[in-house]
Amino acid sequence: MRKKSDKFDYVKSNLLLNQNLIAVLKSIESGFYKEGKKKLLGMYCSLQGEPDLTKIMFNMSWKIALPKIYDRKFIKMISWNLDQNNLTKGDLGILEPISNEELMPDVMIVPGVAFSIDGYRIGFGHGYYDQYLSRISNQKANFFSIGVCFHQFLIENFIQNSWDFKFHFVITNKIILKL
1147 MRKKSDKFDY VKSNLLLNQN LIAVLKSIES GFYKEGKKKL LGMYCSLQGE
1197 PDLTKIMFNM SWKIALPKIY DRKFIKMISW NLDQNNLTKG DLGILEPISN
1247 EELMPDVMIV PGVAFSIDGY RIGFGHGYYD QYLSRISNQK ANFFSIGVCF
1297 HQFLIENFIQ NSWDFKFHFV ITNKIILKL
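Numbering of the sequence shown is given in this note's numbering, commencing with residue 1147 and proceeding in unit increments.
By construction, these hints were calculated from the structure, which means they are not laboratory data. Everything hinted at is true.
Straight-line alpha carbon distances no greater than 25 Å define the calculated SDA-like cross-link-like pairs of lysine to any residue that follow:
| no. | residue 1 | residue 2 |
| --- | --- | --- |
| 1 | 1312 | 1272 |
| 2 | 1320 | 1205 |
| 3 | 1201 | 1231 |
| 4 | 1209 | 1191 |
| 5 | 1185 | 1283 |
| 6 | 1219 | 1186 |
| 7 | 1219 | 1260 |
| 8 | 1286 | 1227 |
| 9 | 1320 | 1169 |
| 10 | 1312 | 1218 |
| 11 | 1185 | 1198 |
| 12 | 1219 | 1244 |
| 13 | 1185 | 1174 |
| 14 | 1201 | 1178 |
| 15 | 1158 | 1324 |
| 16 | 1324 | 1284 |
| 17 | 1312 | 1273 |
| 18 | 1201 | 1260 |
| 19 | 1158 | 1265 |
| 20 | 1235 | 1276 |
| 21 | 1209 | 1244 |
| 22 | 1201 | 1228 |
| 23 | 1185 | 1282 |
| 24 | 1324 | 1309 |
| 25 | 1320 | 1157 |
Take the sequences, apply the hints, and build the full model.
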């Protein structure tokens, strides 16, 4: 069980990470306004210990899409209207939209167990995000990927596989890496 000081550190770290993420999103958003583009943000519902981006979901003017796992093989990003009643627990216990309206995000925010300083992610080993990000980045120009983790999970490097996706940004509670 976490001590109160651990809880405070999580809350403080999460707040700082959210502030860094908002700064990057506003910078990206200004580019979309110049192009007259509609803004679509791919996000996630956090699991215990992951950065909680709930406040960003409800306070940004972007349309939101969340991942939905299909056949335990791949994900699609599905439109979500910010109504908690339109979410259900999927096969892996992760909240997913009830809808099946697939959208292609302009910006995708992905949590990681850890990230390397050169933009590679360690996840939970299923490869859902790597597959999806590789596919969408090949299909969509001006696509941005943002990895988020707490600073203690940013590591010097690790051996990546050929299928690992390199992120455009990695954001922690202490730094913003533009790669």
